[in-house]
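Since the structure of chain A is provided, determine the placement of chain B with the ligands on it from the hints.
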Amino acid sequence: MAAEYDQSIRAVCTALEVELAELPDWNCCGASSAHFLNDELALRLSARNVRIAQQHARDLLVPCAACFQRLKHAQKALRQMSRSTATGPINGTIDVLHVNDFFCRPEVLSRLRVRVVKPLSGLAGAPYYGCLSQRPPKVTDAPRPENPTGMDALMRIVGMTVCRWSYKTDCCGGSLAVARTDLVLKLTGDLLAAAVEAGAECIVTDCPMCQSNLDSRQAEIEAQQGKHYGLPVFYITELLALALGVGQPARWWAKHLVDPTPLLRTKGLC
Amino acid sequence: MSLPTAPQHPVAWQVQSAVRPSSEFVELVARSGAQDVGRCYQCRKCTNGCPLASEMDLKPNQVMRAVQLGLQQEVLGSRTIWICAACQTCTTRCPNDIDIAHTMDVLRQLCVRLGVTPAEPNVVRFHRLFLDSVRRHGRVFELGMIARYKLASGQLTTDMKLGWELFRRGKLNFLPDRITGTDEVRQIFKETMERTA
Ligand code: SF4
Ligand code: SF4
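As given, the protein sequences belong to chains A and B, one line each in that order. In terms of this note's numbering, the first sequence opens at residue 1 and continues consecutively. In terms of this note's numbering, the second sequence opens at residue 1001 and continues consecutively.
Treat the hints with care, since some could be wrong.
To be verified - In silico lysine to any residue, SDA-like type, Cα no more than 20 Å apart, as pairs:
| hint | chain 1 | residue 1 | chain 2 | residue 2 |
| --- | --- | --- | --- | --- |
| 1 | B | 1171 | A | 253 |
| 2 | A | 227 | A | 182 |
| 3 | A | 255 | B | 1160 |
| 4 | A | 76 | A | 91 |
| 5 | B | 1161 | A | 220 |
If you are wondering where the hints come from, they were derived from the structure by calculation, not from laboratory data. On a predicted model such as this, the values are computed, not experimentally measured, just so you know.
The shape of chain A in the complex, shown without the other chains:
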């Protein structure tokens, strides 16, 4: 579904000399559907992935906000369980990180800074974090769940203008997209209007669900509100890769429903 996110993360990591290895034989964490219907199922689906990572002695770098939150929840639960039983191996000892938390580590940031070849100056974006990379902080360990700033810092490093808005962590409606599309159109419509009001020319996100809702539902929202937004919705890593001059951005733009090329062209970025 989000090949452009996957490819841009890999491109940025290669440029930063960070070695990635895909988790062997990973399974779907069950997203909201599993914890809606069965807590134990939700835990065990995620725990299987954490265990595989542990067998390979690897930390987990997770691009999807929902997967991140479920895996982190499972990792903490596994550690808790093995603490409360005196015998047996300690589980959940690996780290579960959201992609952005990793890119925002000081040593990674400084590598990024010196490798920028094409600053995205003049491009104004609204950083949109959504829900699950931040909340609940007890699970995510997010230092500022109500006003996260990690993606803001990344955008500044590649020369973007960061728009201030109060919708950074508002919900896009997530998994209601299929069964209650009307609600997603409402929430997502509010986000688009607020981003434009904040002076944004695009929205920047690190959650595939948010990207999909904001990008693919935009035409319907425009028809409903009788307005034209035409607001491209980028993955942060697509923009990092663009600034680092790596990967194949043209292929990624072709995957967007709101075509970002007209905007990028006016900025001399494609």
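Frame of chain A; chain B with the ligands shown alone:
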């Protein structure tokens, strides 16, 4: 004990006069995994931050109160529990450290387990089909899952254009992505879903 006065909801009105507080339901909810509902003192911070409160029949704070009062049918039959998007805003903000979002999970699970007719059947259908796709393949097969949802919900023609636009961009795979540990995943489903059936 009275429910909040404004804005009033019909359900809240109906229960107001007839209610005889009972702690049975709150105990059932606690046994099912949400132990902290009793701590709610109706500050309504959860409701004020809830992005979907305006669409809910019972507001999140009213759900908490209704659980305390033992209003099982009102809670489990509410639209609220299925409209909640699990965004975790309420849980993050509650001054009493109540995990409201997880309480919603517990209530949804009780609704299904006790055979209460869900107020939003399509939401339940979607989640069931999503999970069934995970059970079969180990990963979600979006195209297959959405096709089955459309048949089950009768919403055959909605999103056809969007579906095509996604497919054209290679965003929906034509074939499922299978994992080698499918048996292991099926076993997890067997053990957890059968236990609660
Ligand atoms: S925020 Fe917590 S204490 Fe306040 S009404 Fe909601 S559940 Fe009750
Ligand atoms: S988790 Fe559910 S109830 Fe809580 S704020 Fe989000 S949508 Fe509202």
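Against the structure, the hints come out as follows:
1. 1171/B / 253/A: 13 Å, holds
2. 227/A / 182/A: 17 Å, holds
3. 255/A / 1160/B: 18 Å, holds
4. 76/A / 91/A: 9 Å, holds
5. 1161/B / 220/A: 11 Å, holds
In the structure shown, no violation is registered for any of the earlier numbered hints.
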